[in-house]
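Asks: The lines below spell out each chain.
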Amino acid sequence: MMVNQIPFEEFHMLLSKQGLRVAVGPFNICIHTTHKPLATKLYMLYRHYRLAQDEIAEFHVRIVIERSFSNPLTRKVRFLLDGQSPFESFPLEQALAVLEWGINLAIAVRVNHLLLLHSAVVEKNGHVILLPAWPGSGKTTLCTVLTHRGFRLFSDEFGLMEPHQGIFYPIPRLMPLKNESIEAIRNYLPEVVMGQLIPNTQKGTVAHVCPSKESIQLSKQVAKAKWIIFPKWIANAPLKIEALSDAQAFMLLASNAFNYEVLGATAFQAVTHLISSCNSYKLVYSDFDEVIAALKKLVDEV
Amino acid sequence: MKSNQIRHHQILQQALLYPERLIGYSDAEWELLIRLARRVKLLGRLALTLKANGLWEKVPPRIASQLKSALVQIKKMQQLAHWELNRILWALEDFDTSIIVLKGAAYGLANLPYSEGRLSVDLDILVPKNDLADIESLLMIKGWQHRTLSAYDEHYYRVWSHEIPPLVHAERATEVDIHHTLTPLTSRLKIDIKLLFDAAIPIKNTRIKTLCPVDMVIHCAVNLFQNNEIANDLRDLLDLHDLIVFLGTKEPEFWMQLTDRANQLQLGHILFYGLYFSQNIFKTPVPTGVVDRLHSKPNFMKRWAMRWLVPLALFPQHPDKPMESAALARHLLYLRSHFIRMPLYILLPHLCYKTLRGLFMKKHSIAQQR
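Sequence lines, in order, name chains A and B. Take 1 as the starting number for the first sequence in this note's numbering and just add one per residue. Take 1 as the starting number for the second sequence in this note's numbering and just add one per residue.
Please note that a few of the clues may not be correct.
Said to hold, decoys possible - What the simulated footprint calls covered on chain B by chain A, stretch by stretch (three residues with Cβ under 8 Å from a Cβ of chain A suffice, anywhere in the stretch; the number is not a length):
#	stretch
1	31 to 45
2	61 to 73
3	99 to 113
Stated by the list, open to error - Stretch by stretch, here's where chain B covers chain A in the computed footprint (C-beta under 8 Å, at least three residues):
#	stretch
4	42 to 48
5	57 to 64
6	106 to 112
Calculated from the structure, these hints are not laboratory results. In this text, a Cβ means the ideal position worked out from N, Cα and C, and glycines have one as well.
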């Protein structure tokens with residue numbers, strides 16, 4: 001059963017009582033909050049997720065409202081993971097952003113049975129394209145564009161890889177666009193379902209894009225990787241795709257993973273195998289039409 | 001009625017004591033078990049218990065992946081602690097001193113069962129007090145640093161504590177705690193630390209030592225019932241249980257030696273608590289008459305109070321429904337832990353300072369957690 005198949009009243013009651021359990025890729029997340037404005041936003045943005053009320057949840061998160069001792073008139077939100085608070089409290093209106101970051105943090109610190117590459121991941125023709133974060137690359141923006149133009153979303157943040165078989169797991173989550181990319185996406189993809197603007201966060205203004213219904217519904221369908229593309233958006237730059245050596249690709253991928261060191265030798269072998277079974281490229285672009293065409297051409301070639 | 005009240009204690013306790021009963025656990029019970037075990041750093045131990053009993057295949061997949069994740073992390077942390085010890089030995093290569101490895105790293109060196117499932121974040125070593133200044137400066141020359149401490153925290157460590165402020169190497173993250181005795185200098189217990197150095201056991205082909213078996217047991221109890229606040233320390237009690245089961249079955253003289261040593265070090269009452277709660281919670285086989293051999297034991301009132309307080313603090317709170325009685329027990333044991341560590345003229349200003357700082361400062365400093 002999907003979130004949008006239950007009425008808002010029931011959704012809100014689950015959130016505020018026993019916790020709302022949603023399946024997000026390979027994980028179930030139990031979310032608890034009594035903050036109604038957050039419930040309203042989640043009801044819209046989480047509408048395609050599957051409810052998992054009777055299943056084991058790996059993550060139990062809460063958004064609580066609090067007043068601090070030093071500033072008793074202002075209400076703030078705090079994220080709790082199993083009752084523990086991993087970071088400070090934030091302004092009330094940032095509740096959704098705090099929840100989403102908190103869940104990412106929980107995944108990043110707890111999951112070690114999978115290798116967590118720091119990468120956007122999309123699928124086309126049954127194979128996965130990794131779009132690892134090149135600093136300032138705008139991987140979320142590119143990922144949003146691609147997944148609204150024929151590519152299936154795996155993740156805009158986590159390359160979840162089973163290290164022994166090289167299988168990638170989809171974990172489609174809300175995609176947080178930042179600052180100027182919000183306007184760029186609104187112009188280019190008027191059809192996107194986007195949450196309200198959340199100004200003044202740690203990362204500037206943020207707006208969350210809802211993954212497509214199809215991406216969420218197919219999130220049990222795993223795939224192997226075939227391409228690793230390090231994207232970089234540069235204003236007005238002509239499109240350029242260059243092959244990257246295995247050694248360069250290895251260093252970029254391994255040095256930017258969440259738990260590469262924790263997995264040790266397992267991670268080294270997994271990335272070695274991944275690199276040798278993929279073609280790696282460096283991509284510079286400025287125009288969305290061009291980059292979509294170029295990537296479609298690339299995946300149809302091989 | 002009581003057993004109903006603390007159902008979540010049972011879920012964790014039964015899993016550790018009678019792992020075969022886990023087969024009958026519902027999904028909801030498994031889920032709660034994992035959350036509780038994580039809170040008290042027992043995921044690794046739980047995973048090893050399941051494997052040792054041939055139950056791994058029967059674990060629900062969403063539970064197994066979390067246990068597997070924990071084992072991967074524990075392996076990494078142990079590797080880091082091991083490497084830190086290697087680097088410490090390298091830095092002190094030309095300095096003649098005795099280095100005794102304590103706690104988690106020592107359990108690994110002593111091949112204690114389940115030690116590979118124990119999450120240890122820090123490396124703890126014990127060195128002679130006379131060599132402490134030299135060791136500290138040698139390590140600092142070779143790249144170890146203290147975290148920035150307030151003048152108060154610095155004073156806390158230097159004047160009152162049994163360890164110096166933690167050292168961390170500039171290129172790594174593992175914290176090294178260097179102890180020169182086992183209990184705070186301000187506590188009423190005065191341990192003749194030379195006895196422990198004299199009895200320490202060298203590790204083959206190295207220059208490091210571990211405490212001798214009975215001292216290891218006593219230190220574990222001291223750490224739990226003298227130095228710590230007991231909240232969420234179930235793992236440390238399980239360490240004690242594992243040590244006793246492992247060492248007690250190896251040496252026929254173990255129990256005699258243990259009680260003699262506790263009497264000699266004047267730590268009988270601490271060992272009493274250790275044996276009592278280990279037996280009470282983990283059904284540790286303690287032969288009859290052992291406790292009677294201890295010269296000092298807590299009086300009836302103390303035993304009665306501790307019997308009520310300690311389990312409420314040792315076991316984790318229910319993550320969704322914390323109990324007020326457990327919160328109260330934890331507060332009382334927190335006060336107790338300070339009371340037995342410091343005379344009142346130090347304790348009262350210390351608690352005032354910490355309370356005020358807790359209210360006005362957001363960042364929790366290191367000494368505040370002590």
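Asks: Between the stretch 61 to 73 of chain B and chain A, see if three or more residues pass the 8 Å beta-carbon test, and mark the coverage as holds or violated.
Replies: Answer holds; 9 residues pass the 8 Å Cβ test.
Asks: Count the residues of the stretch 42 to 48 of chain A whose CB lies closer than 8 Å to any CB of chain B, then report whether that count reaches three.
Replies: Contact hint for the stretch 42 to 48 of chain A vs chain B: violated, 0 residues under 8 Å.
Asks: Taking beta carbons only, do three or more residues of the stretch 99 to 113 of chain B come closer than 8 Å to chain A?
Replies: With 0 residues in contact (Cβ-Cβ under 8 Å with chain A), the coverage given for the stretch 99 to 113 of chain B is violated.
Asks: Would you check chain A against the stretch 31 to 45 of chain B, counting CB to CB pairs closer than 8 Å, and say if three or more residues qualify?
Replies: holds (count 4)
Asks: In terms of beta carbon proximity below 8 Å, does the stretch 106 to 112 of chain A have 3 or more residues touching chain B?
Replies: Holds: 3 residues of the stretch 106 to 112 of chain A have a Cβ under 8 Å from chain B.
Asks: In terms of beta carbon proximity below 8 Å, does the stretch 57 to 64 of chain A have 3 or more residues touching chain B?
Replies: That given contact holds, which follows from 3 residues of the stretch 57 to 64 of chain A lying within Cβ reach (below 8 Å) of chain B.
Hint check: violations occur at hints 3 and 4; the rest are consistent with the structure.
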